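With these hints in hand, go ahead and build the complete structure from the sequences.
Number of protein chains: 2
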Amino acid sequence: MPQDLQQVNAPLIGVPGGRHLLDTPALLIDLPAMTRNIERMAAFAKAHGVNLRPHVKTHKSVEIARRQVAAGAVGVSCVTLGEAEVMVQGGIPGVLITSPAVTPSKIARLVKLAQRARPGDVMVVIDNPQNLAELARAASELTHPLDVLVDYGAGYNRTGAATQAKVLEMAALAAAEPRLRLRGLQAYAGNLQHIVAREERGAAAAALRETVAGIVAAARRQGLNFDIVTGAGTGTHDLDSQQNAFTELQAGSYVFMDAEYSRVLADGDQPSPFETSLFVQTAVVSTNAADWVTVDGGTKCFSTDSGVPLVAKGADAASRYAFFGDEHGKLMPPAGAPRPALGARVEFVTPHCDPTVNLHDAYHVVEGGTLAAIWPVDARGRR
Amino acid sequence: MPQDLQQVNAPLIGVPGGRHLLDTPALLIDLPAMTRNIERMAAFAKAHGVNLRPHVKTHKSVEIARRQVAAGAVGVSCVTLGEAEVMVQGGIPGVLITSPAVTPSKIARLVKLAQRARPGDVMVVIDNPQNLAELARAASELTHPLDVLVDYGAGYNRTGAATQAKVLEMAALAAAEPRLRLRGLQAYAGNLQHIVAREERGAAAAALRETVAGIVAAARRQGLNFDIVTGAGTGTHDLDSQQNAFTELQAGSYVFMDAEYSRVLADGDQPSPFETSLFVQTAVVSTNAADWVTVDGGTKCFSTDSGVPLVAKGADAASRYAFFGDEHGKLMPPAGAPRPALGARVEFVTPHCDPTVNLHDAYHVVEGGTLAAIWPVDARGRR
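Residue numbers (the numbering used here), protein chains in the order written: chain L, 28 to 410; chain V, 28 to 410.
Treat each hint with caution, since some may be false.
Just so you know, same-sequence chains aren't split out, so a pair can sit in one copy or run between any two.
Said to hold, decoys possible - Calculated pairs, EDC-like style, for lysine to aspartate or glutamate (alpha carbon to alpha carbon, straight line, at most 20 Å):
1. 139 to 237
2. 193 to 254
3. 193 to 318
4. 139 to 31
5. 139 to 66
6. 139 to 332
7. 139 to 394
8. 139 to 168
9. 340 to 394
10. 139 to 161
11. 193 to 265
If you're looking for bench data, these hints aren't it; they were derived computationally from the structure.
All values derive from a computational prediction rather than experimental measurement.
This is the structure in structure tokens:
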């Protein structure tokens with residue numbers, strides 16, 4: 028009897044005006060806008076001679092990954108093993124796990140997954156010789172070698188070997204290990220993605236490209252080939268595509284675009300080349316206060332790590348939102364603006380798409396006023 | 028083939044030392060500590076002559092609700108209709124929905140739920156005459172009246188009638204409506220719960236008690252009886268139990284206690300009467316940086332609305348944590364302290380329990396080093 032929103036809202040699929048009848052709070056995808064984003068990034072990558080392996084931590088959806096691959100992506104990037112399991116199960120090729128698999132449980136799951144996929148369709152990064160040895164030991168169960176990329180601690184040094192020397196040491200160990208197959212280098216600089224000043228972001232990205240090119244050249248001199256050089260997020264996809272430093276881009280957020288990335292990718296008067304396609308629809312549930320109305324989306328509906336939601340539809344665009352507990356938001360229209368009525372729908376741009384998606388079980392896929400489909404957030408919560 | 032952590036870790040139930048072998052990041056409950064918290068709050072309520080209707084937005088678990096009811100709670104409070112559906116399905120009595128049900132879809136679900144439960148086992152708050160009329164219309168499908176409480180906008184004015192006059196007007200409308208049954212008054216002051224200075228919190232709570240007592244007395248003079256007067260969170264449970272202003276407490280966080288509530292409830296040298304029973308176990312996945320190690324719990328594992336996780340086990344207690352992306356945390360041991368090794372487990376106290384629980388699918392219930400059980404977070408994501 029208890030139902031999730033996916034079940035509650037399913038009867039509205041195809042019903043005219045169904046978008047305005049949804050049970051809330053509902054995560055929405057504007058399908059035409061998302062489709063244009065997928066096509067634009069695919070065209071960009073093709074024009075610049077780089078591959079695209081979009082990061083699915085943004086959407087955690089097999090259906091969206093399928094559309095990215097259909098548009099030309101060589102595969103997908105995943106941060107958790109659980110995301111990778113869901114993608115392989117969904118038939119997505121070229122799955123790269125961008126964080127090391129370290130504990131015995133994760134290594135056992137990784138080997139099982141690699142055995143199940145076609146050779147080359149599961150790759151994992153390594154940043155530690157002990158971990159490399161453990162992966163090699165576990166990979167002896169495989170009928171084919173385990174594909175690995177050496178992770179370089181570009182940027183945050185969240186994971187990754189710290190220096191060129193350490194990267195080359197790891198690469199040599201991997202190349203010498205018959206149960207592993209060295210596929211490439213990862214150099215993802217998360218810290219560059221959100222630098223709003225384009226010039227500053229450009230300089231930092233250029234410095235990273237030079238470092239990466241140096242590592243790749245040094246490896247080649249030692250007979251170690253990094254066939255794949257992967258990195259680059261939505262914020263630096265255009266910069267990292269220059270000078271052939273990277274062979275592929277891991278950008279993920281471009282499919283949805285949130286409030287923050289829209290600011291980063293706007294260039295002077297030029298708006299971002301990608302459109303916001305992700306929204307949350309809330310309903311007004313209380314109207315008794317003089318200066319605000321209360322909507323049914325709070326800290327369990329929008330991520331709180333990156334500012335507040337922005338009004339997209341249903342209220343004056345200059346209305347301000349403030350978090351108002353687990354399930355509520357305080358929506359403050361500017362002086363003189365009309366107040367949304369009890370039960371009215373208000374749609375918001377999400378402050379940060381990835382962790383907001385992670386709070387929802389399903390996407391409500393809309394085309395204009397119509398609910399076209401509901402897609403599960405397949406890998407939500409998968410570690 | 029893709030599995031969630033609940034399935035991955037299930038074989039460890041009852042295995043000696045299973046707590047130290049978990050796939051991570053894993054949400055943990057220290058069962059003896061949680062049991063003591065449940066017993067302490069039940070004993071407190073009994074000693075003070077108030078009922079306890081704990082808020083399940085904290086734990087979203089039927090099993091924990093059952094234990095609270097077994098210890099003496101008269102029912103549970105829920106903020107979303109989805110939580111209430113899960114609790115009724117789980118056989119939990121006395122379910123109060125603490126936020127108005129406004130849209131046609133929510134009203135339809137509410138009526139279905141009320142029909143399914145025994146009369147009196149589903150109650151909802153109202154704060155708007157239009158909503159009251161719509162509930163009454165929908166309740167005509169019921170074989171018994173729909174139980175309602177008038178919501179008073181104590182504190183935040185997130186929801187609730189704004190003044191005593193408005194409360195009494197709503198109560199009179201509800202009492203006059205045969206398809207509704209007026210059960211009581213809700214006056215929950217979320218804003219008082221987190222005032223750390225005990226004296227200031229005490230003064231604010233006393234002012235609210237006086238207001239509530241005034242409303243109840245005025246209602247009684249009009250022949251309107253508020254049999255239930257509900258409110259009070261963990262932060263004011265002791266204050267709100269004074270002078271019989273409230274007939275029951277909605278406290279929820281006391282079962283787990285997070286970093287913030289432990290600060291609020293400590294009284295000078297006296298620690299909080301409730302113990303931290305909720306933790307997250309992470310594993311160290313990268314150790315290449317000089318000043319930190321990286322653990323596998325980030326913004327999709329810990330809520331970001333209320334500070335950072337605190338180390339509980341597995342690393343020097345003075346180590347600092349910083350968010351490090353969706354799936355990672357930066358753990359910085361103090362100078363000279365030992366660094367946790369690759370793969371080592373580090374357990375944390377959560378910054379804010381409710382939204383952190385909402386990021387996980389299951390509780391790993393531990394007793395010492397043993398994994399005693401895994402319980403689903405049944406109502407996670409239910410709106």
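Intra- versus inter-subunit Cα pairing at 20 Å for residue 139 with residue 161:
within (15 Å within a copy, 55 Å between copies)
Can you give me the call for residue 139 and residue 31, within, between, both or neither, at a CA distance of at most 20 Å?
Close across copies (15 Å), not inside one copy (31 Å); limit 20 Å.
Is the C-alpha distance from residue 139 to residue 332 at most 20 Å within one copy, between copies, in both cases, or in neither?
Cα proximity of residue 139 and residue 332: none, with 35 Å in one copy and 37 Å across.
Between residue 139 and residue 66, at a C-alpha cutoff of 20 Å, which is it: within one copy, between copies, both, or neither?
So residue 139 and residue 66 fail the 20 Å test inside a copy (34 Å) and across (44 Å) alike.
As a check of your reading, is residue 193 near residue 265 (CA-CA no more than 20 Å) within one copy, between copies, both or neither?
neither (28 Å within a copy, 58 Å between copies)
My question is about residue 139 and residue 237: at a cut-off of 20 Å on alpha-carbon distance, are they close within one copy, between copies, both, or neither?
neither (37 Å within a copy, 64 Å between copies)
Identical-chain pair category, residue 193 with residue 318, by Cα at 20 Å:
between (58 Å within a copy, 17 Å between copies)
Classify it for me, residue 139 with residue 394: is the Cα-Cα distance of at most 20 Å met within a copy, between copies, both or neither?
neither (40 Å within a copy, 31 Å between copies)
Please work out whether the CA atoms of residue 139 and residue 168 approach to 20 Å or closer within one copy, between two copies, in both situations, or in neither?
within (9 Å within a copy, 53 Å between copies)
For residue 340 vs residue 394, is the C-alpha pair at or below 20 Å within one copy, between two copies, both, or neither?
within (15 Å within a copy, 50 Å between copies)
Taking 20 Å as the upper bound on the Cα-Cα distance, should residue 193 and residue 254 be classified as within, between, both, or neither?
within (18 Å within a copy, 71 Å between copies)
Hint compliance for this structure: hints 1, 5, 6, 7 and 11 are not met, and every other hint is.
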